[in-house]
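S.K.: Required output: the full structure, derived from the provided sequences and hints.
As a plain string of letters, each chain reads:
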Amino acid sequence: MAQLMAGLSSTDDSSRPFPLLGATAVFSGAGLLIVLKRSPSFTEDWGEPSYWVLFAASVFLMLWGLGQLLASAKPNWRGTRFASWNRHRMAVTREGMAYIGIMSVMFIGSILGRTNMLMFVFAMMIGPWVLNGWIAFSMLRRTNAKRTLPQRAMAGEMVSVEIEVENHKWLLGSWLLAARDRVVHARDRFQAAALFVRIPARQSRRGHYFVRFSQRGEYSFGPIELTTHFPLGLIERGLVCQDMGKLIVHPRVGRMTSRWRSDLWNATELAEQRQMRAGLFDDEFQRIREYRSGDNPKAIHWRTTARRGELMVREYQQTRDRDLILLVELWQPAQPVASDLDRVELAVSFAASVLYENLRQSREARLRIIIIGADTVAWDHQSSMELALDQLALAAAAPGADVRRTLDETMQRISSSSRVVVVSSRPRGDLLARTRDVMEPAELLCLSAEPRDLSPYFVLEGLA
Amino acid sequence: MTTVLQVSLYGLVMLASGMLAFAEGASFPDAFTIPLAILALFVTERWKLFWLRVSWANVLGIGAFGLAGWEMSSGLIEARLLSLAHLLVYLTWIVLFLSKTARMYWTLCLLAVLHVAVGAVLTSTGVFGALCGLFLVLAVWTLTLFTLCRARERYAAEDQMLFATHREGKALAEPDGVSIATFLWNQSSHPVSTVQIDPRLRWISGPFASGVVANVVLSAFVGMLFFMFTPRIWVGSFSAFGEGPDQPLRILQSGFAEEVQLGDIGQILEGTQTVMEVRMFDQATDQPLDIVEHASRLGFDEPLFRGSVMGEYEKGKWRVGNTGKNDYRKSMPSSPTTSDVVRQEFRVEPMDSGILFAMPQHVAGRLEHRLPQIIERRLTATLYRSESITGRETLKYTIYSDKPQPGGDLPFPRGTHPSLTLRNEVEYYGLLPASGLERLQSLARQVAQPPNATNTTPTEKARRLVHYLRDSGEFGYTLDMSIQDSKIDAVEDFLFNRKAGHCEYFASALALMLRAVGIPTRLVSGFKGGDVKRGTGYFVVQGRHAHVWVEAYFDGDWRVLDATPASRSDSVKSLAPKFGLFNNLANLFADTWSHSVVGLSFSEQSSNLYTPLKELAQQAWETIHEDLDRALNGELADGSFRVRYSILGLLLIAIVTIGVTRLRVVRSRGKNGLRSGWFAQWLKILSWLLPREATTNNGDGWRGRWSRWWTALLRRLRGESAEQRVRVEFYERFLRLLRSAGLEPLPAQTAREFVLASQPTWSQRLSDRELASAPADIVARFYRVRFGGESLPSDELRQLESQLRQMEQDWHRPNGQG
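So the protein lines, in turn, are chains L and X. Quick note, the first sequence lines up with residues 1 to 464 if you use my numbering. Quick note, the second sequence lines up with residues 1001 to 1818 if you use my numbering.
Since the hints were derived computationally from the structure, they do not count as laboratory data. Using N, Cα and C, we set each Cβ at its ideal position, and we do this for glycine too. A portion of the hints provided could be inaccurate.
Covered stretches of chain X, going by a simulated chain L footprint (3 or more residues, C-beta under 8 Å) [as the list claims (entries may be wrong)]:
id, region
1, 1190-1198
2, 1213-1219
With the Cβ distance kept under 10 Å, some of the chain X side facing chain L (calculated, not the full set) [to be verified]:
id, residue
3, Ala-1120
4, Cys-1132
5, Leu-1201
6, Val-1222
7, Arg-1232
8, Thr-1337
9, Pro-1760
Stretch by stretch, here's where chain X covers chain L in the computed footprint (C-beta under 8 Å, at least three residues) [what the hints assert, rightly or not]:
id, region
10, 100-113
11, 207-215
12, 300-313
M.R.: Here it is as structure tokens:
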């Protein structure tokens, strides 16, 4: 089954059929042109019109073939003038290659063996071949494909992308149309497809494909190429629909551990003080418990006491969170290796997880995230969380990223209720060397985005 | 549908095997594929009881190659090609019993096609052609089903793929802590393609079947076009049957060999198979000639096609013989020196003899599109094809002959050049066996030189002998070849015992009797008579028209003498096939097949296709050229409206096309954004001709006003509502600015959210700090105008204009820097 599906989806362009017809057209056109120029007698019997017809045919063949070759060699010329002028594709399938081979043998055999019977069989084969190309072309005429994308997705999650194919022909239904979508990311590229078995005339159908994105960042979608090799599977015709789209994939989000919450997020110095009433710092009701000696009598909950038959008091928890400033340094050497890239991604995921933790646990605490990478961008709790995730998704590491200056500025301006956390993609030793002499080190936690540093605070799900 | 596909595919294999068996003329091993295919269909495909392992298939494949190689080298079969055919059969047997994947199904299809191809080399009959048509129908049907089946398998696979994907995702979700491991971001994204299918869709339906039928019909039509227009310019003379002597499979036995036993021709005389077809033309005028009339003018009662010439007789056998060193063969001139000749065009069916036939008296000749020339034997003027040309194919050649002289050559028409010049040649054609023909010689002298005869010229002697054999009534014509007395010479047995025989006996008797009275003779075999085929105009000669006659040398020329009684014509006519409607149709198909398919040649393509098309194109070209010249020179007469109205019509069509296209594009944009194929190309071309939408130009000049008017018109045409048309110009201008940096508001995003979200981008672009708040101001004013219904005061408008202009300048500076 997987073998059957192989033709439908792929993660690179290697499965794209070779534009044999394009190459053949170029060589045929060039050959014809040479013959016309070198052997004027070739068209003498037919007169001047035949010369110009053949000349035009040879030029057309060469140009068309070149267009096919270029379209195949540079599939990323999306949205260009070239792409908009060269929307139709033609390629020969593997089965078609075998078919061509047999046809060629028959044709050559008939010419060498002077036998019309082989020529007859050749003609019987080339008829369906030509019709296959023509019908496939007709299937694609007056069709269009559109994509409906979610605006954002999370890395590692399965996302459904909807493709709607419209058939605007009056009479002819389209069979076996595959809508191939090209998806490109700086570190990732693949094709996905939805196959439409039949789209009746003047109707449209919606299909979808699923993707689990592995990379954060911006994925570019399109163009969509409608292809079909119906009815015989020998020639594949394609129509490029310039429907482009973009989707931002947010970084993978992990889970912060209880140690993170206890050590860094909550006001730990007050965490043990339980109040018997609502306090100054928006204390929250936590539970009702039995009365203990020394409890404030005003905290007795009389209704429960009556129901239980013993004194019960209300207990409040003080949740006065500390402000957190998270500096995310996305550094990578000029020639990064896999471990450098891993640290960058871990740092980003860590930041995203902190963001989610803020949302989940401490909506009132002020979180500020400063990302220092190729660009320096900042986010604070007043902006939407989506914006922060977008910034994290699009953040790029750079060799020139340096957290020190931003850290110094931050440390100078922080209040006593603030904590500063630096998570950096630098190796641990390098990071410690850079942050050793920072003021107020008690308010600062420096973490290198290495599993050893992050694991006490952070569990990243979805590791393979 | 899978069952239908399997039945179709196995049917295709069976049909191909049957065709190969038919072509080879042997049922084993080719036809044995049919029961094997039925067995494999049930045992391997339906019941899945047995299939070959790949290792066993490989072993059997090696065995198949070995067996085919042994067949090729052992000489047990007629030609190498048959060993190739058998190899295909053996491989088909193996594949039939393999477990089937899509590739195996394709392999079976290709093997079936190869069966047909090999069969086409082995035979050229019309029945095989009809079977090819049937094969085309079945092949297209099967391949279409195959394509659908593969799509359906994908549909069935979709659920499994999705299930596998979800299970994978669940496994990944198990927390494992952060560790040095392969992270997901180091992997590629995982796309899962799906199939959209309407559950109510019937895969094999009426429209599907009719589509396949239409596909078959059109395929056959296109294929025929290719067949007709592919120029038959043959290269080389490769023969799949080897370079050695022809080993005939199914070719006509003509009886025109170097040595002929009396009576051999009798079997041919009963045949109704077409031997050749002839057309004649006046070379000077290229007008067709009536062959019967032409023969009559030459002095023949029926058209006579001269073939083999034999000079030696002994014990009932005629041999071609040889007179010595002057009896050599030479190449015949390929073209006549004058156009005052008759052109005879022959098309001869495959024949084991190298003899070429022609009506006397030939002067030149050529084979069609073949380098070897026609060979002529100097002494007998017998024509041969080159030995390098196989007799397996239909042979076409042209002979040029002299026109008949006025008045003819009575009583005996002139034969063929050249005259006998050497004494030994005259003696050679006068030789009689030393013994065994004494009674014949005695009879010849009695008949040719009666005691009271005064005229003893060779002509008179010949006339008397011909009269004796043909008109005396003593001899009858029969195809019965029973011998009454085998101890005496066959000719004497004919003359004195049986007194009945066919043309071979009459001619032999006449030739020997003439020799007995001193006249050199030779026996000539060929064909006499034929039928003009209705419709085509060809003069068709069949086996029953085979004939033998005598050429006698007197008065300085070879003369044609025919002693066969007139009852021969009745016998020939009686042998003509009696055709019913079906037979007539079959005959018509066979003739068409033979002429238009098997025998199609470059000359026929030239005369029937290329030349008429060329003339048509030239005529059209000249007409257009001439009319254009006249139009450009202003020479159109008042009554000549053709060109003028043609140009006007073309212009009108162009304008209407442009208008309709533009409107359709506009409307389709509004509805569904459809811009496909040539439509989009047209749009690009037309966008240069028609005004653009007011997307960039907001000036007050004529272009701005023109564009705004055009935009308003287009919006009306698109059917946009009045609400949709409410736009705030300064905000749209701001949006265009952001769009140029790739920022586009999302469908569910408010203007304020959009500006906030895009802040990182535009804040980098704007160098002036004062402009940093401009986007927020613009959005605020936009809300006031768009939703508050306010009209901005003029000072605010001026401020807005200033801000926008400043932003545009900053925006387009290099790198966005000031």
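S.K.: What are the numbers of the hints that this structure violates, sorted from low to high?
M.R.: The structure conflicts with hints 8 and 12, although it agrees with all the remaining ones.
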